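**Student:** Can you make the complete structure from the sequences, with help from the hints?
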Amino acid sequence: MKRVIISVIIGAILMAFIVIPPVSGANFTIQGYVYDQFGNPLPSATVQITRVDTPGSTTVSTNESGYFTASLINGIYVVDVSKNGYTHISFCVEGKDYTQTYNIYLFDINWLLGIQSFTDNTNAQIQQLYNLYYGINENMNALSNLYQSLKDNIEENLSVICDILNQLISEQQTILSTITSIQNQIQILANNYEQLENRVDYLENQVGILNNRMSVMESGVENLQIRMTQVESRIENIVIENIYIENITIENITNMIIENITSVENIYVENYYIENITIENITVENTSVYYITENIVIIERVDISENINMILSLFDNLKNKVDTLEVWISAIDNNVNSINRELNSIDSRLFVIEQMLKVPSGFPSYTVKVKLVDENFNDIIGEKIWLIMANGRILESTTPAVFDNVIADKVVVRYGDLRYEFVLNKDANILIMIKDNIPQVMTMVRINVQLKDDVAEIIVDGGKYIFWTTENYITIWLPVGEHTIEVKSGGYSGEMTLTGTHEPTEQYIELQKAEGISMTTKILLALSIMALLMLVAIAISKRRRYYRLRW
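For the sequence shown, the numbering used here assigns the number 659 to the initial residue and increments by one for each residue that follows.
What you were told as hints is all true, and nothing was included just to trick you.
Each computed PhoX-like pair below joins lysine-lysine, with the alpha-carbon atoms no more than 25 Å apart:
no., residue 1, residue 2
1, K1084, K1027
2, K1110, K1146
3, K741, K1084
4, K1093, K1122
5, K1122, K1171
6, K1110, K1122
7, K1042, K1084
8, K1068, K1084
9, K1093, K1027
10, K1171, K1110
11, K1027, K741
12, K1042, K1027
13, K1093, K1042
14, K1146, K1122
15, K1068, K1027
16, K1029, K1042
17, K1171, K1146
18, K741, K1068
19, K1068, K1042
20, K1029, K1084
21, K1068, K1029
22, K1093, K1029
Label-pair ranges, simulated between beta-carbon atoms:
no., residue 1, residue 2, range
23, K1042, G714, 51 to 61 Å
24, Q706, S1003, 52 to 62 Å
25, I767, A728, 19 to 29 Å
Keep in mind the hints are simulated off the structure, nothing from the lab.
Note that this is a predicted model, so its numbers are computed, not measured.
Ideal placement from N, C-alpha and C gives every residue a C-beta, glycine not left out.
**Tutor:** And the structure:
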């Protein structure tokens, strides 16, 4: 029994030596995030880590979140962070058995040029902030040049180089705060512009309301004019018939003109004196007594006071309404004039702000093209695509969509439920594939590899693909995101991990001959040895017992 236990222990020790790799020195981890000047993550930035005391370097790239990580042996390193179209930064790292985390900022070169042009059209405060930034930037350039001159003898000048790089990091933080101040000033201008736009909208709405009231009043005036015409027509056609009036004296009525009165019958005119009344075009039929003299008419037994009072009352009512309308129209005219004066003032202020916020000629604009295909890469035409910019502006087109003169540092392409956000620092071509009714943005990956024969097996995230090619590269389309790719050819294999964006990606994989035994084989071999040792120990134990009994 003791031999069995000893055999098990020996087998476990052998398995430990086979399976567990030896530890070769203390390690530490460096990690961090790379951002642009606005604090947005920068994917696909290159982080090169060079050890000072021994030759060799490690290079990693940031993922979609701008994150990078690398495991290194303890020592002193110089870290260089860069990306095309952005400024670069370097700093020293001394690794000592623990994880070190860094936040790194790179500045878009085109954006910096745009800021420089923008300050030519803005107020003195923004110009002063830019002058501060320019001075700091010149200092950083001088420090960078000094660092490059000392870089060839990095070990001898290590202390000086690290001091320079640390000073560069400090200057970079000052630049960040300066840029934030510039952004705040620009935002204040933008807010003022938005407030004026809202005021213009309000005034335009008030003008619309006044226009509606004017239309209503004009309609009312037209109706009154129609009624006045009708009243005049009724006055012209008043029929006075069988009216008997006695002992009525009408005095002091002068210069009244009565025209076109017809059908006057049975009027008795007697003993009444009216001065300066002109009566024209009167048709008189069957009148028993009437006298007409020049400008004097004596009317007997006719009382028209009631009708006259009614007519005069109607005219007074109409006149009052017209007077009221004239007052309203005058008030509306005053309001419109006041609004026009304010609109002119706002137009002047808007012109000034528009000139201040006008995009300078040096500020970059890009073209974004969006193509929609099915899983066989056949074009899908006429589908709506939206391009949403960081300031909230939305552009709309149909596939194949082309958006020209886009000025934004970050945009979102939207199709249905798909929203793909990316940093816009150059012209962009977006390919959206619909597979199983699910849209996804695709990336083209070119794998440069020295194949060992004409057949290559590609394993992407566990899925296998077979390629027949005589070229030294393979091109595949994958959804945007992180993928693990393994290439096998002629007994050789190589593996890599990449994070694909909408931009084409080119990677190199070196194929190596498989050496040693795989981890699974090692474990099976160790278990087999343990089982064999146990069988041998049991056999020996039984044999000793057999001889003991025989003895």
